[in-house]
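Given chain A, work out where chain B should sit, using these hints.
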Amino acid sequence: MANILTLNNVSYAYEGASKNVLQGMSADFETGRVYTIIGKSGAGKSTLLSLLSGLDVTTNGAILFDDKNLKKLCRDTYRAQQVGVIFQSYNLLTNATAVQNIVLSMNISESPERDKKAFAYALLAKVGIDSETADRKILKLSGGEQQRVAIARALAHNPAILIADEPTGNLDKDTEDDILHIFTKLAHEENRCVIIVTHSKRVTAIADVVYRLKDGRLAVV
Amino acid sequence: MYIFQNAMQNLLRNKGRNLMTAAIIFVVIVSSVVALMIYNTSNGVINDYKSRFGSEVSLTPNMEKIIEATQTTGALVRPTIPAEQLIAFADSEHLLSANLAASGKGWSDDLKAIDGEKGGGGGPMLSAGPGGGPANMPDGMPELRQYFFRLLANQYDDFENGNRELTEGSAFPEKPGECLISQELLENSGLKIGDTIVMNSDLINPGSGPGDESYHDIVFRLTIVGTYLDLTDEYANSMMENAFSNRRNEVFMYFNDLASEVKEGLMGIDVGATYYLKSPELLSAFTAELRAKGLEDVFDVTTNEASYQAIVGPVEAMRGISLTFVIIVLIFGAIIIALLSSLAVRERKYEIGVLRAMGMKKGKVALGLWAETLTITALCLVLGLAVGGLAAQPVTNLLLNQQVEAAEQAQAAATPDPPGAVTVQGGGPQGVGGPIMIGGPIAGFIGQSSAEKITNIDVGIGLNTVVQIIVIALLLTSIAGLIATRQITKYEPMKILMERN
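If you read the protein sequences in the order shown, they are chains A and B.
In terms of my numbering, the first sequence opens at residue 18 and continues consecutively.
In terms of my numbering, the second sequence opens at residue 140 and continues consecutively.
This is chain A alone, in the form it adopts within the complex (with noise of 0.2 Å):
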């Protein structure tokens, strides 16, 4: 195990508000591992994620990827070839089909993959999504089914970080499980970092480190 993220005295406040949401906050994230971030709504949660993922960047101090800090590295790059994020809206390209949302997803990340359409139908599958479903516009699908097409994209360019918001708000019980199975093997059989934001005692259950959000802050519980 080695540190893959590290927060570094980390600040935040959105344009304008004169209140960091995330105040001198430090932590460590480590290959193999699931972490789950707790916290009450508006404690800087997805703020946070949105950080980590490299969509934003921070007000005051530093989050290290192996070492380099995010704000010098081509963050596009770093989103499209290292870090999976599963948002809690899913984000999809509604217009298009989820095996195209992959697809793309994999092109993106100039993914080695030759048969990107085949792989995307096995990734599919392996979160409950046949391959007709699979070929179905995402607005044609079901919140459950979206939210399993989103987790499918992230994990579609096999990335050294994967970050969830909520990652299954919107299951029943059994995907549930294969979803968290999933993540937790990816962890501990394929050394990647898990990361989740999550309400779910189910979900939190499954953690090797459980952090809390207050006051701008990490914990460890």
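Careful, some of the hints might be misleading.
What the hints assert, rightly or not - Partner residues aside, some chain B positions facing chain A, computed with beta carbon under 10 Å:
no.: 1; residue: 149
no.: 2; residue: 492
no.: 3; residue: 493
no.: 4; residue: 498
no.: 5; residue: 634
Calculated directly from the structure, the hints in this document are not laboratory data.
Since we're looking at a predicted model, the values are computed, not measured.
Backbone N, C-alpha and C fix where the C-beta goes; we use that ideal spot for every residue, glycine too.
Then chain B, alone, in the frame of chain A:
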């Protein structure tokens, strides 16, 4: 590569929006094709007319100045341009070309003229004079010289239009002492190509008045370098039927042989010139040059602007309309496409946010949008060229008819100025009115303009138009691409997704 694949998929995913964009681009392209086809064809027609008509220079006596000079000096002013001046004027860097021609009269004991039994002609009546001519009158009686051959130089338009043709092995006179005669004249005279003949000619010195006239005799020794077959009407140029007016008796000579015999103040050999400017804009510079070379102030140097306007004016008006239309279409097209592009980016903000969140670089997102617009434009281009190509001719006919009607109405309201070539002829005084002949060229003069009013233009879609349309299409899609890029650059994926969520 995937950018373009994704762009193609997007085109099919968003049919409604893309069809609307395509319809607008199609209208812009069809309008541009029609307007550009009209513009380019009109331009070609105008340039063609300009080069052979609009740049033809006229040296015309200014009647006001002549009357003024006559009143001032008390003597009748006879404007003349000496032949040597006409020749000197031709040597100008402002000219695209200059056609110099000459004509004279002659008789020869070596040639037996066609219809010689009908007698000669073409001679002026002198009050008295010495003998020596072919038809002398008794002393004290007016002498009438008769000429049997018309001597011509550089007047080959019958050869150009196929009414005459050189026989095998014949050539036009290109060196001093060479001549070309009709096949009939050669046979009638029992001569052959290569024979040498003596041709007599003369200049007449009008002297100080009646009874003072005299002849200045000229002798040419000419080698027959060829013959021509003549299909023209023998007496096309004259009501009189005699050897001199018979066109089979026309003898073509080397220009300098005739022109070099011209003497100031003597008449008998006429030299004509038509000048073509490289561009009508050079008129003032050419005028200054002519003045410096001695052209008298009583002559105006003009191009045949009025006739040019009457003939080419409607096409120029049509070209102006089409150019204005192209500009308007392009401005509006660019604005509409810019707006569409801007709206498309706004509408697809979420999609852009997702792509950016997935790690797609801004440039690639913009490239994808540009590829979509480019594909739509390319399809519209093919269709637009076809439809525009079909629509251009009826639109042209309509526009041209309107312009011709407008021009005719304008002409009817003004004094008409008949179109036609203006040739300047000189070489010596020819009685009252001088040697300047306006309104008609020397017979058979090369290069004369005989332009007719343009009432029909066949528009065609040339390579030029296709290239222009492609450039316009690329320009419009580039505008769209630039606007998209500019907007995308402003967006941060996090903000877009947060707004959406």
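A quick look at each hint next to the structure:
With a least beta-carbon distance of about 8 Å to chain A, the hint placing residue 149 of chain B at the interface is held under the 10 Å criterion. Below 10 Å, beta-carbon pairs count as interface contacts, and residue 492 of chain B has one with chain A at about 7 Å; its hint therefore holds. Hint on residue 493 of chain B holds. Least Cβ distance to chain A is approximately 5 Å, under the 10 Å limit. Satisfaction of the interface hint for residue 498 of chain B is found here, the shortest Cβ-Cβ separation to chain A being roughly 3 Å, below the 10 Å cut-off.
Hint on residue 634 of chain B holds. Least Cβ distance to chain A is approximately 9 Å, under the 10 Å limit.
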